[in-house]
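Kindly generate the complete structure, drawing on both the sequences and the hints.
2 protein chains.
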Amino acid sequence: MTQSSHHRRIQASMPLKITHTPIIDQGVAHQKRAEIKAHFSNTYDTYERLFECLKDDEAYYLKPEPLRHPLIFYYAHTAVFFVNKLRVAMLIEHNIDDRIESMMAIGVDEMSWDDLNDANYDWPAVAEVQAYRDQVRELVLQQIDELPLTLPVGWEDPFWIILMGIEHERIHLETSSVLIRQMDLKHVRSHQDWPHYPDDHDAPDNHLLPVAGGTVVQGRERPGSTYGWDNEYGHNQTIVKEFKASQFLVTNQEFLSFIEDGGYLDQQWWTTEGWQWRTYKNAEHPTFWLQRNGQWYYRTMTEEITMPWSWPVDVNYLEAKAYCNWLAARTGKPIRLPTEAEYLRLYDATVGAVYPEWDHPPGNIDLAYTASSVPVDLFTFGAQGFGDVLGNVWQWTESAIDGFDGFEVHPSYDDFSVPTFDGKHNLIKGGSWASTGNEVLRDARYAFRRHFFQHAGFRYIESEHQVNQKFNTYETDELISQYLEFHYGDEYFGVPNFPKACIDAIIPHIDLQNNARALDLGCAVGRSSFELARYFQHVDALDFSTRFIRNAINLVEHGDVKYLIPIEGEITELKSFSLSELELGDRANNVEFAQGDACNLKDKFSDYDLVFAGNLIDRLYQPRQFLQSISERIKPGGYLVITSPYTWLEEFTEKENWLGGTKVNGENVTTLDALRAELKPGFAEVTLPQDVPFVIRETARKHQHTVAQLTIWKKHQ
Amino acid sequence: MTQSSHHRRIQASMPLKITHTPIIDQGVAHQKRAEIKAHFSNTYDTYERLFECLKDDEAYYLKPEPLRHPLIFYYAHTAVFFVNKLRVAMLIEHNIDDRIESMMAIGVDEMSWDDLNDANYDWPAVAEVQAYRDQVRELVLQQIDELPLTLPVGWEDPFWIILMGIEHERIHLETSSVLIRQMDLKHVRSHQDWPHYPDDHDAPDNHLLPVAGGTVVQGRERPGSTYGWDNEYGHNQTIVKEFKASQFLVTNQEFLSFIEDGGYLDQQWWTTEGWQWRTYKNAEHPTFWLQRNGQWYYRTMTEEITMPWSWPVDVNYLEAKAYCNWLAARTGKPIRLPTEAEYLRLYDATVGAVYPEWDHPPGNIDLAYTASSVPVDLFTFGAQGFGDVLGNVWQWTESAIDGFDGFEVHPSYDDFSVPTFDGKHNLIKGGSWASTGNEVLRDARYAFRRHFFQHAGFRYIESEHQVNQKFNTYETDELISQYLEFHYGDEYFGVPNFPKACIDAIIPHIDLQNNARALDLGCAVGRSSFELARYFQHVDALDFSTRFIRNAINLVEHGDVKYLIPIEGEITELKSFSLSELELGDRANNVEFAQGDACNLKDKFSDYDLVFAGNLIDRLYQPRQFLQSISERIKPGGYLVITSPYTWLEEFTEKENWLGGTKVNGENVTTLDALRAELKPGFAEVTLPQDVPFVIRETARKHQHTVAQLTIWKKHQ
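Heads up: the protein sequence lines correspond to chains A and B, in order.
For the first sequence, position 599 (counting from the first letter as 1) is numbered 599 according to the UniProt record's numbering, and the numbering increases by one without interruption.
For the second sequence, position 450 (counting from the first letter as 1) is numbered 450 according to the UniProt record's numbering, and the numbering increases by one without interruption.
Hints listed in this document are in silico derivations from the structure and should not be mistaken for laboratory results.
Don't take each hint at face value.
Which copy is meant is left open, because identical chains are indistinguishable; a pair holds if it fits in one copy or across any two.
Capping the alpha-carbon separation at 30 Å, the derived lysine-lysine pairs in DSS-like fashion look like this [said to hold, decoys possible]: (1) K32 - K241; (2) K715 - K635; (3) K715 - K663; (4) K281 - K604; (5) K702 - K500; (6) K655 - K575; (7) K500 - K32; (8) K241 - K424; (9) K244 - K500; (10) K63 - K663; (11) K680 - K604; (12) K702 - K32.
The structure is reproduced here in structure tokens:
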């Protein structure tokens, strides 16, 4: 039993008693209420105690990171968050302080779209914020007394908001400790409640130890036994190939070799992003290192100490990545950072009892032992003795954070996760000495920009398996999102899915050949192409818009897609779907998407059994020429299918080129008349024209509601 | 019996036997087929015979009117019309000659939107057109033999198209005779079939004779006993006050006084339009007059003769109007042209048997006697001896042509009447010597631009009753038409009328006061204002758009409106409605429309029992300010009603002014949240928000389908 091993070496010694995160699916309501109350008070207290590490009020207004707010913001922010979320959830009717609440709500970190121009801020006094915090404390305590509480607490329940506020403050407890660590030492003081670990020793040799392959399952069900953030729910399953992992986190000692080998000055080890950051910062060593008189020193949260060589190095992802690239070159091995799944494979293989069920933390975590890192070999896990599988410092992974299948945004905090699903926020795993509450859970998923600092380091792995670096970010292009919803999303006003309805309407009227080939012209984001692929051996799918085609290809590649659609004004909703849930996945690879101009097709697009031109002709600049040329690309006996609402507009088609909707020799010529006149020589009209309605959602309340006409033409033999 | 009187003076003497227009609700089908066949042949023959008055082929290519096509166009046009209409009605599958048919289809007269640039035309040879006409003759004869014929012939029947082609040619028979009359004499020859009347005598004294007031009923029912144009159908009833009418049409003699008094050179007698025309043409006398060596001569269709002083003067409306103004000034009497109804009142009082039931034409009409005018006292009608109540020359009226209630466009000829419903085409009544077929009917309604020449003169009347010169033209402004359809037109997708639904949804929730006052803000074309007027004693209705307000005022003034809505491309549909058919007419005068800015209302818009802001707030530039200021204009205990789909767009409202659909302090704020926050201090929310859907038609196939939210707020007492 590995857990026993560390008990021999270190005693839980922190003066702050950090309570475990509450179990919310068991117990008795009034006891749970008391437990949550204590949990809140403890969190609130601990957060305020952290700020006692600032030497004076002046320190609250300094900015250790130029792109982030001063600490006064964060001191108020966790209280403001309670008020704002209680308001959003309509649990309270009045706010407490307009000024503080509008100033301290957003701008948590660099990733925010907030304007950090100092001129915009006239920060309140610390005492003022303290008075505000006191008011909020009373408010929350009162809410905890009064809000209805039933177990389990679901994520729509009022108490979820209380737990959210607590967990939110625990995140800031850790991130604020990092900001304090980044402050000039003269503004910080040592504090008995926040002692660093006193010892160091020679760094242990690091070895690559084998980790067996296997399946990693992620994704919580609701309601679970503890509070969770939205990005933890859903379903995800990853098959991990066997790999080797470094026994210990990379120590300061180990990292020194990279520095001494000129690693910070050698662009070859760095990603483009990494090199940009390094150059901008002129970084030559880890941010919490400093060199004086040829000696290396180390910055803890509140002190400078001689370099503790056996402690893990604190770096951002970019530095960790550069180190791995350097090490891979030096060793000739495929060294890299683990993915999230690889980390979890190691975790599942080595960590026994899982928080919050353990009695004593099996690692340097949960503020249980000290307010700093400890030697990397102090806490080990599993038979092979892996150090710090959890705790000490967070471990950077190769994985950019993303939602699982079935991801849903929590309605009261819709920008917690979604803005980070951009391929630019990498997951950190395992927690640090400062991680408490939800942060300690196996299922927790925190991600930061790759150049950000946390109490974070890394473990490297050796694997022949390459990481797919392509990230499937969520679609924010309004038109693309509109079309994704149109092709794959909900039905509105009871109108069935249009591309599917079109293909369904065609099939009964055509003779399907074996190995038949179809061409989907104006395929947009591809739904009709996939529907055609149910019946046709090969489908070429073309659109004039590369934006559409890029998205369709992306969809085949990833099998799923996420997109934001407008609800009202700038309020949006994240939606997603997968080809498999629409039963389109099996034959998606039979569809070949490409950019193309329907009026000027390449020669290779020929010999089709069916050409589907869905809502295309009234957007072509030469529709008549299109009709003439397309018939040459259809096999004798093949079909041309046209749908259109015949919305002729001069912005797309010069009036003289409109097929119909015109006066010819003074007489009205409808587009249907014109289609019949144009196609009659070469085609027979297979059946009467059919009306197929469609709805395109613009906002939750506004839609385009259109009725296309579908005609089917069979080319003469 | 007046009819007998003229028989003593003139014998029907024309060599051309023009058949009466066929009765289509009686008879035996095979006989009717033969009758129509003869009628067609006679019309076709007569038309060709008219062109024999041209001296040579060269004459076909000259343009007697610079803004109109040469006669070769008209020679072909009546044949082309048969082919095109048979094609449109899908009675024939193939056309005969693409080139002729596309060149000769449109550009009939100046009012057409065709391009008269000569460079666009490479006219065919006369022989070519003749050959074409021969082919068409065969085609039509064949169609007459083969098309199904049942009696009565309805306007959707195939034979209606045949009759339409015949009547169309009869119109051009007359208008082409005018063009020939306008040609230089050297290109025209006398023709035995087209003799002018040989005699003249001293012009009779003209007197004003009384005509009793009464009701004039117009509007044919379908199917009738003869072919009719679309503008003849529907319902119209006019109460005509007693007036006096000149016994005779104004003779050349009588008109000479105006010329000799300097009438053509004195702007005071002319309308603005008339003076513009006179100046442009430098007209100093009627167009068919010419002066040589101090002598006045007169142009008939094919000859110049010494001035026949007892014949009616041929003038356009502008000249007739100037004469009346001059005569009114000279006599001190309210002299003017009659309206269409006044003309018909005279007609009904004096004309006995009505065409086509008469045996012999009671006037110089139907090509029965001669191919020119005759003295104005040759044919008299009624006990008082009114001359030329019908026949001789057409009589200009003050009335611009318009459709009757229930007007419907004939689907095969949708631009026969609608383009003339523009307030710029005045009706001419009574027919001329060249009028045949439908033109001779009491119910016929032909109208021309006011500066056009026909075989037309005038009779003046004396009446204290002023003519309402305001013409209710049809709306072509696309946005206005869209809103007229939205407010008053058809329902789409089963969604009930939105403004009505809103007011209906409010009424159950409010306490209605006696003599209550309502304000409709953003009233657009006014439907909600009229609906409010059902319940409120006074309604002020404001919109920022003067286009909308102008239209709403117009609607109250006229009680009805016509508008064009798009079907597909440039194909449109004329729609109309009246306030009375929507049962909105009774209280329409309780609505006061005015242009106004909801964000900056004049002081007088105050003390309302209810303010309705329908789909307004998301189009305001200062919605928050609006909410603040509007509450001051509502009485204590009064109501504010807001509907909106909350479609916030930066083009209307700067983002910082959006009420909702925004992130405030990082939290989503919906517009409903914001409304509640803004209005709560002053108002109570009367009931839960209601969803009210609406559909705005863009084309026959494309619509906006939106769901507004309706909230009702009661101001604190």
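To see whether the hints hold, each was checked on the structure:
| no. | hint | verdict |
| --- | --- | --- |
| 1 | K32 - K241 | neither (43 Å within a copy, 92 Å between copies) |
| 2 | K715 - K635 | within (7 Å within a copy, 72 Å between copies) |
| 3 | K715 - K663 | within (28 Å within a copy, 56 Å between copies) |
| 4 | K281 - K604 | neither (51 Å within a copy, 65 Å between copies) |
| 5 | K702 - K500 | both (23 Å within a copy, 20 Å between copies) |
| 6 | K655 - K575 | between (39 Å within a copy, 25 Å between copies) |
| 7 | K500 - K32 | neither (51 Å within a copy, 54 Å between copies) |
| 8 | K241 - K424 | within (25 Å within a copy, 85 Å between copies) |
| 9 | K244 - K500 | neither (47 Å within a copy, 73 Å between copies) |
| 10 | K63 - K663 | between (70 Å within a copy, 26 Å between copies) |
| 11 | K680 - K604 | within (26 Å within a copy, 66 Å between copies) |
| 12 | K702 - K32 | neither (45 Å within a copy, 57 Å between copies) |
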